[in-house]
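Q: Now for the letters of each chain:
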Amino acid sequence: MSTLLDVRGLDAGYGDFQALFGVDLTVREGEVVAVIGANGAGKSTLLGAIAGLVEVRAGEILHRGEPITGLPAEAVVRRGIALVPEGRRLFPSLSVEENLRLAAALGRPGPWDLDAVYALFPVLRERRDIPATALSGGQQQMCAIARGLLTNPELLLLDEASLGLAPAVIREIYATVPRLREQGITLVVVEQDIGQALQVADRVCCLQEGRVTLEGRPAELGRERIREAYFGTAA
Amino acid sequence: MSEFLQILLSGVLLGGLLALYATGLSLVFGVMRIVNLAHGDLIVLAAYLILLLVEATGAGPGWWLLPVAVLMFALGWLYQRFVLERTLGLGLMPPLVVGFGLSIVLQNALLELFSADTRRVPAGGIETASLALGPLTVGVYPLLVFLAAVVLLVSLELVFARTDFGRRLRATADDPVTVRLVGVSPRSVYALAMGLSFAVCGVAGVLMGVWTNFAPSDGPIRLLWAFEAVIIGGLGSLWGTLVGGMVLGVAISVGGWIDPGLQMLFGHLAFVAVLAVRPQGLFPARGGAA
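Read top to bottom, the protein sequences are chains A and B. Sequential numbering of the first sequence, starting at 1, is according to the numbering used here. Sequential numbering of the second sequence, starting at 1, is according to the numbering used here.
Think of the hints as simulated: they come from the structure by calculation, not from any bench. Hints are not guaranteed to be accurate.
According to the in silico footprint, chain B covers these stretches of chain A (three or more CB under 8 Å from chain B) [claimed, not checked]: (1) 77 to 84; (2) 98 to 107; (3) 132 to 146.
Pair ranges (Cβ atoms, derived) [what the hints assert, rightly or not]: (4) A:N39 x B:V97: 53 to 59 Å; (5) A:E209 x B:L92: 56 to 62 Å; (6) A:G70 x B:L90: 18 to 24 Å; (7) B:L66 x A:G70: 39 to 45 Å.
Built from N, CA and C at the ideal position, the CB exists for glycine as well.
Generate coordinates for the entire structure from the input sequences, incorporating the hints supplied.
A: Given below as structure tokens:
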């Protein structure tokens, strides 16, 4: 498998606050990588930096070997890297379908069009004319993922997709991951919920206070080491 | 009774022009949360542009309406891209001060070029023609302006509701960070919105220049009417802005009927009355752009 994304020695943050310190992350084509860590570990900052929303202070980000460090978000998405942001961030003035059309208007070629995302999440078709923020939390998450897919990404960055959702809804959303892989999409999934992350991931990367503390295949690492890396010291 | 109806009617028609003053202001505020203090001066600038063009070519102002709107669009785009964009992210005050500065520059430039004399754009008699409508008389020109205002507002509403550009505009107004994730550059949306606002100022200025006398210092009062129409109608609603313009127009017209010196006062009183009773305006928006 060839390397799709290579993050090397990344420092990033907001204003006076530095959230990431020398983070390395390699994502190979076709795999699912879970980035786990406690609240404030820098997971969302890492995704934001890759997507071009968060300022990078040092280090570099390579997409298929080409540097994309410092590229603005609107250019990064054109390269096929889509971020589904934490908290969904749907546009409240737009209906469900308008949120989706906005992303489709980017015009990146690929398998995802309105029909394809409606087939993935049929409830969105039923509710396409209501304001996006009138959807339930789980449906909003589906809409946010669909919006990301409509930019026809090869790499989808999924930030805290399970946040605030009921377990059944979380399972429903994660059940789509295999279908995204079938379409050739590589995923980086940020989760606080370790169990969910380990189930779908080929590899896991654990962040703690802005540094990578553990990285590898879940089966090889074992639950105990992951738990340790997550919480810092062995409980 | 018919005298009163006559006054109401002329007030309503005046409301079309006032709504045009307000539309661009409301658009820019809706998308960028910026109040353009030079808005009124841009309307006056467009009136002088059309005056120059009509005097230089002898063609009627109708021929120049579209070119002036296009030219104003270009000016608005350039102004946003090369001037106002530098104030992005610096808070509320810098864009306000830049607008104020532009207002002073425009007023003084117009004063240098055209003197303080009041001017009016000649339109070959259409401005004084009238139609009999039962017991009422309707000015042909005010009626045309009102229809133009309605057509423009309907078109803008359709553009905002139905097109890719409209969706980009509303989404950017909602969340200028997240739009970047779907490939929309807020800066280019802002430049187009400012261009559109300037273009509507262009149309308003051309129509105003034929309707009434104007002088280089007339911008600020246009800005004030625009503000009042937007607030009366309720922020964020184009139809509200039209109704706001009509409320102001009727108040001005009634004031003028009692005594010509009371026109302005009655307009402002209507504004204060609406603010006192319904501070959110008559038709506050669902929270979208424009």
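Q: Identify every previously stated hint that the structure contradicts and give their numbers, smallest first.
A: As far as the earlier hints go, 3, 4 and 5 are violated by this structure, in ascending order.
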